[in-house]
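Participant: Residues per chain are reported as follows:
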Amino acid sequence: MTNLQNFSKGFFKENAVFVLLLGMCPTLGVTSSAINGLGMGLATTFVLIMSNLVISLVSNLIPDKVKIPSFIVIIASFVTMVDLVMAGYVPALHEQLGVFIPLIVVNCVVLGRAEAFASKNKLVPSIIDGAGMGLGFAMALTMLGAVRELFGSGKVFGITLFNENYGMLVFVLAPGAFLALGYLIAFINRLRKA
Amino acid sequence: MAGKKESTFTNMVLVLFIITLVASAALGGLYELTKEPIAAAKLAKKLKAIKAVVPAFDNNPSDEMYEVEMPSGDKLEFYPATNGGELVGTAVKTYTTNGFSGYIWVMVGFKPDGTVNNYSVLEHKETPGLGTKMAGWFKPSDPKKAKSSIINKNPGTVNFIVSKDGGDIDAITAATISSRAFLDAVQTAYNEYMKNQKGGTN
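Just so you know, the sequences run in chain order A and B.
Going by my numbering, the first sequence opens with residue 12, and the numbers climb by one from there.
Going by my numbering, the second sequence opens with residue 536, and the numbers climb by one from there.
FYI, nobody ran anything at the bench for these hints, they're computed from the structure.
Careful: at least some of the hints might be erroneous.
Claimed, not checked - Some, not all, of what chain B presents toward chain A, calculated at C-beta under 10 Å: (1) Leu551; (2) Val557; (3) Leu562; (4) Tyr566; (5) Leu568; (6) Lys580; (7) Pro663; (8) Ser698.
A virtual CB, placed ideally from N, CA and C, is assigned to each residue, including glycine.
Using the sequences plus the hints, can you model the full thing?
Facilitator: Take a look at the structure:
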């Protein structure tokens, strides 16, 4: 598998949100606006790349029986780093994402890639896999956030496209997340079959 | 690389110990590095909220901050703002639990006589698009909507209750509960402010 194939596998063909339907909790929870989705996606991407990097390096030194605890400690460390750095330098976004940042630890995409890919592959493919999966996740969250923000409040990335009063409030609320995600998955499935 | 490590007891303990040691060292270091920016960001946010609600001041209101504990155990925070030594206003961090969901935290600025100077909503979980409108509803720029404004009104003379309940303030359309809660928070702040005012005029 070439590097490009490896990347596009995570980014599109096996997109965590649209195809594998993994990591639904942050996907539905934080995507009330495009910027929230992008922030969450990039934070997850960072954690994915870094944990894949470290795990591909040390996985041979870890006995099988303590594999999962070791991976979780490594992942949790990177998540805490993201949490601290965001609280210090982008406090507004950090407040918006709230509890979902620490919850990246339990995002099954991250542990899934560590276990299924990084622990069995060399350094470079692991980093590319993390980048592909992470950016695919970020893209999906940004798309979902943009759709919900547009229909809900007439804005995309905070730029007003039409008057807020014509927005459909339901898209900003929880049910709108499910609706928008369902339609997006249908749309992506159509694209993949074409 | 050498073959995979056996899952013997010593191997497992050793590996987990090293991993947690490295992780905690890295996190401890990063915590020290980010401690200052985090504290600065929090302070900047608070100062910004204070600045928005009281007239221009030249002291540091955080230094003269005092707290009043409410029966529920939560605290109201008072930030006196002075200009040239004279009290020009007090920002009060107040709250209510009567909202649609959870706490609503509001920063209200009072002039020395208790008249509302301005306010800013700090934190809430009200319904987006309805309750969230309170951020601007109670300080309209349109003079036609003066009845929904609380700016330059004194809770001692104006009845801070939504007009639907017989008060003097118009509630947010379709968000009466949030409006009642908001006014409740302001009223609480006013009551405590008058009780605790330095100089004790009341």
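Participant: Next, verify each hint and record whether it holds.
Facilitator: Structure-based check of all given hints:
1. Leu551: This hint holds: Leu551 (chain B) lies near chain A, its Cβ roughly 5 Å from the closest one there, short of 10 Å.
2. Val557: holds, 8 Å
3. Leu562: Nearest chain A Cβ about 6 Å off; hint holds.
4. Tyr566: Cβ of Tyr566 (chain B) sits 6 Å from chain A, so the hint holds.
5. Leu568: holds, 8 Å
6. Lys580: Result: holds, 7 Å to nearest chain A Cβ.
7. Pro663: Pro663 (chain B) check passes; min Cβ-Cβ to chain A is 5 Å, inside 10 Å.
8. Ser698: violated, 23 Å
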